[in-house]
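Participant: Residue strings, one per chain:
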Amino acid sequence: MRINEEMEMDHLRDLITPQRVEKASDGFTDRVMASVRLEPLPSARRKERIRSIVVPAAFGLIFVSLIIIALLTGSSEKSQMAVYIDKISGVISQLLPSRNILPEASIPRALVYIPLGILALALLDSAIIKLRRRKAVSR
Amino acid sequence: MDYKGDIYYIEQVLGGKVNAFTHLVDRHKDNVFNLALRISGNREDAEEIAQDSFLKAYRSLEGFKMNSTFSTWLYRIVYNSSISLIRKRREKILSIQEFPADAADFLSVIHDEDAAIEEYKRSLVAFALQNLNEEDRAIITLFYYEEMDTEKISQVTGLSRQNVKVRLFRARQKMSEIIVNAEKKNTVCHEDK
Numbered sequence: 024m025r026i027n028e029e030m031e032m033d034h035l036r037d038l039i040t041p042q043r044v045e046k047a048s049d050g051f052t053d054r055v056m057a058s059v060r061l062e063p064l065p066s067a068r069r070k071e072r073i074r075s076i077v078v079p080a081a082f083g084l085i086f087v088s089l090i091i092i093a094l095l096t097g098s099s100e101k102s103q104m105a106v107y108i109d110k111i112s113g114v115i116s117q118l119l120p121s122r123n124i125l126p127e128a129s130i131p132r133a134l135v136y137i138p139l140g141i142l143a144l145a146l147l148d149s150a151i152i153k154l155r156r157r158k159a160v161s162r
Numbered sequence: 105m106d107y108k109g110d111i112y113y114i115e116q117v118l119g120g121k122v123n124a125f126t127h128l129v130d131r132h133k134d135n136v137f138n139l140a141l142r143i144s145g146n147r148e149d150a151e152e153i154a155q156d157s158f159l160k161a162y163r164s165l166e167g168f169k170m171n172s173t174f175s176t177w178l179y180r181i182v183y184n185s186s187i188s189l190i191r192k193r194r195e196k197i198l199s200i201q202e203f204p205a206d207a208a209d210f211l212s213v214i215h216d217e218d219a220a221i222e223e224y225k226r227s228l229v230a231f232a233l234q235n236l237n238e239e240d241r242a243i244i245t246l247f248y249y250e251e252m253d254t255e256k257i258s259q260v261t262g263l264s265r266q267n268v269k270v271r272l273f274r275a276r277q278k279m280s281e282i283i284v285n286a287e288k289k290n291t292v293c294h295e296d297k
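These protein sequences, in sequence, are chains Y and E. Its first residue numbered 24, the first sequence is counted upward by one per residue in this note's numbering. Its first residue numbered 105, the second sequence is counted upward by one per residue in this note's numbering.
Hints in this document: simulated from the structure, not taken from any laboratory. Hints may be right or wrong, so weigh each one.
Claimed, not checked - Straight-line distance between alpha carbons at most 30 Å, and here's what the computed BS3-like set of lysine-lysine pairs gives:
{"no.": "1", "chain 1": "Y", "residue 1": "K70", "chain 2": "E", "residue 2": "K225"}
{"no.": "2", "chain 1": "Y", "residue 1": "K153", "chain 2": "E", "residue 2": "K278"}
{"no.": "3", "chain 1": "E", "residue 1": "K288", "chain 2": "Y", "residue 2": "K46"}
{"no.": "4", "chain 1": "E", "residue 1": "K278", "chain 2": "Y", "residue 2": "K70"}
{"no.": "5", "chain 1": "E", "residue 1": "K121", "chain 2": "Y", "residue 2": "K46"}
{"no.": "6", "chain 1": "Y", "residue 1": "K70", "chain 2": "Y", "residue 2": "K153"}
{"no.": "7", "chain 1": "E", "residue 1": "K121", "chain 2": "E", "residue 2": "K169"}
Unchecked claim - Restraint ranges, calculated between C-beta atoms of paired labels, are given here:
{"no.": "8", "chain 1": "Y", "residue 1": "K110", "chain 2": "E", "residue 2": "T176", "range": "32 to 40 Å"}
{"no.": "9", "chain 1": "Y", "residue 1": "S88", "chain 2": "E", "residue 2": "D130", "range": "38 to 46 Å"}
{"no.": "10", "chain 1": "E", "residue 1": "K121", "chain 2": "Y", "residue 2": "G50", "range": "55 to 63 Å"}
{"no.": "11", "chain 1": "E", "residue 1": "T176", "chain 2": "Y", "residue 2": "D109", "range": "57 to 65 Å"}
{"no.": "12", "chain 1": "E", "residue 1": "K121", "chain 2": "Y", "residue 2": "I73", "range": "33 to 41 Å"}
{"no.": "13", "chain 1": "Y", "residue 1": "R69", "chain 2": "E", "residue 2": "V270", "range": "39 to 47 Å"}
{"no.": "14", "chain 1": "E", "residue 1": "T176", "chain 2": "Y", "residue 2": "P63", "range": "58 to 66 Å"}
{"no.": "15", "chain 1": "E", "residue 1": "E166", "chain 2": "Y", "residue 2": "A81", "range": "22 to 30 Å"}
{"no.": "16", "chain 1": "Y", "residue 1": "I85", "chain 2": "E", "residue 2": "Q234", "range": "38 to 46 Å"}
{"no.": "17", "chain 1": "Y", "residue 1": "I91", "chain 2": "E", "residue 2": "Y107", "range": "56 to 64 Å"}
{"no.": "18", "chain 1": "E", "residue 1": "V122", "chain 2": "Y", "residue 2": "F86", "range": "14 to 22 Å"}
{"no.": "19", "chain 1": "E", "residue 1": "L118", "chain 2": "Y", "residue 2": "D148", "range": "46 to 54 Å"}
{"no.": "20", "chain 1": "E", "residue 1": "L118", "chain 2": "Y", "residue 2": "Y107", "range": "44 to 52 Å"}
{"no.": "21", "chain 1": "Y", "residue 1": "P63", "chain 2": "E", "residue 2": "Q234", "range": "36 to 44 Å"}
Note that CB positions come from ideal geometry on N, CA and C, so glycine has one too.
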């Protein structure tokens with residue numbers, strides 16, 4: 024209760040006058056707006072934020088799926104799931120250029136795809152970064 | 105031109121009309137600058153804090169939920185920017201140990217007695233304020249200069265209302281001590297002369 028009492032008997036208030044004597048310097052608004060105009064639009068920022076989450080998530084998902092596929096397709100006893108994944112991996116492997124290099128991929132052989140996958144993702148990532156930079160400069 | 109309200113211009117900016125942000129800056133720049141100045145204690149830092157705060161506000165305008173006023177939200181950004189800048193520069197800031205003048209010194213410069221006493225009081229309060237830590241200084245500024253109640257201060261600082269009350273109480277006590285000590289010293293010095 025002491026705090027509330029103190030608030031009521033406030034002597035400092037007599038000393039403090041809440042006048043706004045200071046003003047922002049001339050050209051303040053122009054300087055702020057010059058910095059603001061260099062920023063991306065709020066809507067563009069939202070798209071960029073979504074892209075920055077969705078793109079890595081999608082590639083991460085593909086990458087993890089490839090590892091799972093590689094592990095499951097090499098198994099000697101194939102479950103129904105593995106058969107299904109095998110079909111998908113068949114389709115994917117059609118698209119992979121290394122199909123001719125490793126015609127019969129088993130678990131250890133399929134693992135060779137992992138560094139290739141990492142390399143491909145790294146190249147794609149650097150290409151996207153370059154593209155974004157170019158867009159930002161042209162803007 | 106009539107000011108159409110913060111929400112109107114916020115919606116314009118979010119809709120892609122960047123220039124609408126000019127109205128928000130013009131409307132709030134003096135309040136933002138004053139708050140930054142009182143917390144930081146110098147014009148250069150206040151200018152930097154104020155500019156930085158508007159830029160941060162623009163960047164996170166989408167995050168403004170409209171459940172508080174734009175000014176309260178903006179003050180929160182100013183408060184956080186001020187505290188972090190002061191903490192970053194803490195080692196460079198020298199605290200003022202002694203109040204350099206007394207009422208007689210003011211009277212020798214300002215010949216009107218009432219104006220001299222007013223100026224003396226203002227300087228004494230400013231001196232006491234600068235000797236508080238940055239968070240207490242901000243709370244005192246929001247309460248006395250911005251005339252906010254403890255609920256609003258709690259929204260700006262992120263502290264609980266009870267915590268604001270306690271800090272306000274302690275900061276006020278500390279300020280009173282500083283003022284009393286400065287006046288005592290000046291009285292002793294004056295008697296010695």
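Participant: Would you mind marking each hint as holding or not holding in the structure?
Facilitator: So, going through the hints one by one against the coordinates:
no. : hint                           : in the structure
1   : K70(Y) to K225(E)              : violated, 54 Å
2   : K153(Y) to K278(E)             : violated, 56 Å
3   : K288(E) to K46(Y)              : violated, 34 Å
4   : K278(E) to K70(Y)              : violated, 50 Å
5   : K121(E) to K46(Y)              : holds, 27 Å
6   : K70(Y) to K153(Y)              : holds, 18 Å
7   : K121(E) to K169(E)             : holds, 19 Å
8   : K110(Y) to T176(E): 32 to 40 Å : violated, 59 Å
9   : S88(Y) to D130(E): 38 to 46 Å  : violated, 53 Å
10  : K121(E) to G50(Y): 55 to 63 Å  : violated, 22 Å
11  : T176(E) to D109(Y): 57 to 65 Å : holds, 60 Å
12  : K121(E) to I73(Y): 33 to 41 Å  : violated, 22 Å
13  : R69(Y) to V270(E): 39 to 47 Å  : holds, 40 Å
14  : T176(E) to P63(Y): 58 to 66 Å  : violated, 26 Å
15  : E166(E) to A81(Y): 22 to 30 Å  : holds, 23 Å
16  : I85(Y) to Q234(E): 38 to 46 Å  : violated, 58 Å
17  : I91(Y) to Y107(E): 56 to 64 Å  : holds, 59 Å
18  : V122(E) to F86(Y): 14 to 22 Å  : violated, 38 Å
19  : L118(E) to D148(Y): 46 to 54 Å : violated, 30 Å
20  : L118(E) to Y107(Y): 44 to 52 Å : holds, 46 Å
21  : P63(Y) to Q234(E): 36 to 44 Å  : holds, 39 Å
When the structure is compared with the earlier hints, violations turn up for hints 1, 2, 3, 4, 8, 9, 10, 12, 14, 16, 18 and 19 and for no others.
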